[in-house]
Amino acid sequence: MKTHLRSAMFWCFVAVAALILTGSLAGAADYYAGKTITIVCPYSTGGTYDRMSRLAAKFLPRHIPGNPAAIVNNKPGAGGVIGLRSVYKAKPDGLSLIHFTSPMVVRSLTGGIKDIDFKKLTWLGSVGGAHYIFALRTDRPERTIEDFQTTKKPIRVGASGPSSLLTQAPKFLQRAGKFNIRLVPGYKGYNPMALAMKQNEVDGVSTAGSAVRVNTATREMHKDGTIKLVLSMGGAPPPDPLKAEVAALPKFVDAIADPKDRDAWVAFSGLLSASRPFATTPGLPAEPAAILKKAMADMMADPEFRKTATDQGFVLNTLNAAEAEKLILSVFNLPADIQDRLKVLLK
Amino acid sequence: MAFEAFLEALGTTFTLPVLGGILLGVALGLVFGAVPGLNAVLGIVLLLPFVWSLSPFVAFAIMLSLVSAVHTSNTFPAFFFNVPGSPSAAATILDGYPMARNGDAARGLTAAFVVSAVGGIIGALVLLIALPALQPVVLAFAAPERFMLVVLGILMISFLSGAKPVKGLMAGALGLWLGTVGQDPQLGVARFTFGSDYLLDGLQTVPIIMGLFALPEVVSLAIRGRIAERTHVDMGEGFRPGLRACLANRWLVVRSAVVGVVGGAIPGIGGTAAAFYAYGMAVQGAEGAERRRFGKGEIKGVIAPESANNSSAGGELVPLLAFGVPGGATSAILLAAFLILGINPGPEMLGEKLSLSFSMVIVLVLSNLLATGVCIAITRPAARIAFLKSNLLIPALMLFVLFGAYVAYPHPYTLVLTLAFGVLGYLMMRFDWARAPLLVGFILGPLAENNLVISLSSYGAAFLVRPIPLGCMAVMALVVFVAVRRGVGRR
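Those protein sequences? They're chains A and B, same order as listed. The first sequence begins at 1 in this note's numbering and counts up one residue at a time. The second sequence begins at 1001 in this note's numbering and counts up one residue at a time.
Hint data in this document are derived by calculation from the structure and do not stem from the laboratory. Heads up, some of the hints might be wrong.
Label-pair restraints from in silico Cβ distances [to be verified]:
hint: 1; chain 1: A; residue 1: G283; chain 2: B; residue 2: I1468; range: 51 to 59 Å
hint: 2; chain 1: A; residue 1: T226; chain 2: B; residue 2: A1396; range: 52 to 60 Å
hint: 3; chain 1: B; residue 1: F1194; chain 2: A; residue 2: D93; range: 32 to 40 Å
hint: 4; chain 1: B; residue 1: A1140; chain 2: A; residue 2: K347; range: 50 to 58 Å
hint: 5; chain 1: B; residue 1: V1465; chain 2: A; residue 2: D337; range: 42 to 50 Å
hint: 6; chain 1: A; residue 1: T310; chain 2: B; residue 2: A1140; range: 33 to 41 Å
hint: 7; chain 1: A; residue 1: G283; chain 2: B; residue 2: A1396; range: 41 to 49 Å
hint: 8; chain 1: A; residue 1: D93; chain 2: B; residue 2: I1129; range: 54 to 62 Å
hint: 9; chain 1: A; residue 1: R143; chain 2: B; residue 2: K1164; range: 54 to 62 Å
hint: 10; chain 1: A; residue 1: P141; chain 2: B; residue 2: G1471; range: 27 to 35 Å
hint: 11; chain 1: B; residue 1: A1420; chain 2: A; residue 2: T310; range: 41 to 49 Å
hint: 12; chain 1: A; residue 1: T226; chain 2: B; residue 2: F1050; range: 37 to 45 Å
hint: 13; chain 1: B; residue 1: Q1284; chain 2: A; residue 2: T226; range: 35 to 43 Å
As a list, the in silico BS3-like pairs of lysine-lysine whose alpha-carbon atoms are at most 27 Å apart [to be verified]:
hint: 14; chain 1: A; residue 1: K35; chain 2: A; residue 2: K91
hint: 15; chain 1: B; residue 1: K1353; chain 2: A; residue 2: K223
hint: 16; chain 1: B; residue 1: K1353; chain 2: A; residue 2: K307
hint: 17; chain 1: A; residue 1: K119; chain 2: A; residue 2: K260
hint: 18; chain 1: A; residue 1: K251; chain 2: A; residue 2: K326
hint: 19; chain 1: A; residue 1: K243; chain 2: A; residue 2: K223
In silico negatives: residues of chain A with every beta carbon more than 10 Å from chain B [claimed, not checked]:
hint: 20; residue: I145
hint: 21; residue: N180
hint: 22; residue: L242
hint: 23; residue: K243
hint: 24; residue: A267
hint: 25; residue: P285
hint: 26; residue: K294
Cβ atoms here follow ideal geometry from the backbone N, Cα and C, with glycine treated the same way.
Between the sequences and the hints, there should be enough to build the whole structure, so can you do that?
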């Protein structure tokens, strides 16, 4: 009798669980069925964020119950703020996503963006992160941290726009590491900067290790010894072909004498590890939020997505929603004095 | 080895899939060039998801053909609506539209298409022959050289377009100022944005072109009744006179093509600027009555920019293939396509991947010929647009203008900006101010500023005494001297 009762209870439990599961799946499927997700790319067509947004528009719906459609809407302007604002203020229905560069959060700290609270965004995960290095032309004699700090002739380092990582990273070298660096700003991204290094217009660049590998000019210069990696700055794991070389390099964090500067750099380097996040509107209800977070994680694990993205030159250092959120928001969790220091370093 | 690679390229190019790819690319390119607001960059971006699974030869056949055809068909709206189909045809409107108004569209279009093909082929051949030789040229043009080249361009156009150099200079200065709107490249300080986020990225080129050139024509069209001032023209006469004009100006075609290749090959300069340089040089080379015809329908004013903008497509591939550095926006997307297809541009394009490089050259030649053939075939019916009544044309033109501007920068303010520049353009036209210097100042101004910032940061004032900047300054002095002397002579 007892056995029968136990067996009946077990089957009841299975039935109830199956009902709940089916119900929840049906609910999930119902939620997105027949709907269209818009992935806002806050930059112009053709760039890497645009291409990744288009990849996500292709692969993400495959992992969302109900198989919704997905389109990309480019909303460039104000360094990405216009597109981000449109998603921030959109209806919290899980149909407006955004893919943007995480160092944008620093502009919130420094007062550049006042009407967006990054802590309120619903973070879905990050498809990419970078390991930053400092590469130098070998006709410069400096090789050690002390050399960079004490050299008499300033090292000319390429920089881009004020909110670009290609500018923010060398600013840390200059201000936190006390390297004798002269920033040469104005380059529209890494490619022209690489050419400038070949033209001996700049002596060095502070960039993602993967960029050195992907760009033809720097890859060749690295191969023939015209440039050398001289410092590991941190972030995501370095790409495989550079792993051994990067492991042998001095660490930038060791060059920072002031503890406040060091804390500021450690928090900032978290952004390097989660530099390509996807997020959606604040206040998204738990159910669609969970669906999207799971779908994003599934997409990032999808072998076809990984192969397609890698073929396009993307270096995938993926992080799930919780990991990405923790790293990106770490700058807001810093003590007030460190936050102030970060503002000064990036001004 | 090179010959074998060439034969291999011929073998792989003349296959059904690749030839089909060329046909498809040309067909798409003709549409993306002829519809204002659509352009080669957008075309390739939309194609990217579909080319992943194709062989590199087929994928590049589609994409390069699209680029070539865009540079050819963007001439149609330049002639009929005073709107460049894409920014690289901006210089063509200066004489193309007046030709259409003079009832000379068929001759002008034929000449434009023929020189487009010749320019495109010259660009491809230069790419083929001189890729190794052009690498030092690309390296020689660092920021100081680019800065001086850009300033020279602004000066030339300001002095050379229109009969009033002082007005030209002032319009150029206004363009330079408009180019400073937005965040400055060094510190990110917002300039002349009046607190608007929309202006932080600066004023956008396409809405300005649409407003400045196309909208005043809508007003003028409403007054005149039709584009052409004559009511009838013998359309059959278009092809042969157009061809004759090309033959008569063969050296201008070649010279402009070389300007286009070099302009395309120097990263940051690109086809639009190269077309204006070629136009400026054509004006510089003209004398007397011919010179006065520029801006009023002079065929040389169409031949020079059309040859240059098509050859720039080959030029843009030089830094891309040699260094993996895109020469302009189009080749930036092509770089993405290279990576998608597993090709890392660089020295291997002259080594183990030489046959692929040859194949690209053959595709450029074929697609230029095909696009030109199609465009010439439809020139006669297309030229009839010039004789349509304004009540048919104005709604279509307004749609193209506003759609084109909005697609280029999707924001409601874009429409306001377009209309505002329409008013400015109309006033400039009404009071006989040349609009080209304003546009050139606006396009080249940010380039000048950017390169000046880099030059000063990297070299200090010493950048002025490098050989190429010194040469550019000498040419600038010559341009000013000639303009002043001519001015004194006229008085």
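Now the hints, each set against the structure:
no.	hint	verdict
1	A:G283 / B:I1468: 51 to 59 Å	holds, 58 Å
2	A:T226 / B:A1396: 52 to 60 Å	holds, 55 Å
3	B:F1194 / A:D93: 32 to 40 Å	holds, 34 Å
4	B:A1140 / A:K347: 50 to 58 Å	violated, 36 Å
5	B:V1465 / A:D337: 42 to 50 Å	holds, 48 Å
6	A:T310 / B:A1140: 33 to 41 Å	holds, 36 Å
7	A:G283 / B:A1396: 41 to 49 Å	holds, 45 Å
8	A:D93 / B:I1129: 54 to 62 Å	holds, 58 Å
9	A:R143 / B:K1164: 54 to 62 Å	holds, 60 Å
10	A:P141 / B:G1471: 27 to 35 Å	holds, 33 Å
11	B:A1420 / A:T310: 41 to 49 Å	holds, 46 Å
12	A:T226 / B:F1050: 37 to 45 Å	holds, 38 Å
13	B:Q1284 / A:T226: 35 to 43 Å	holds, 40 Å
14	A:K35 / A:K91	holds, 14 Å
15	B:K1353 / A:K223	holds, 19 Å
16	B:K1353 / A:K307	holds, 23 Å
17	A:K119 / A:K260	holds, 23 Å
18	A:K251 / A:K326	holds, 23 Å
19	A:K243 / A:K223	holds, 15 Å
20	I145	holds, 24 Å
21	N180	holds, 15 Å
22	L242	holds, 16 Å
23	K243	holds, 20 Å
24	A267	holds, 22 Å
25	P285	holds, 29 Å
26	K294	holds, 24 Å
Violated hint: 4 only; the structure is consistent with all others.
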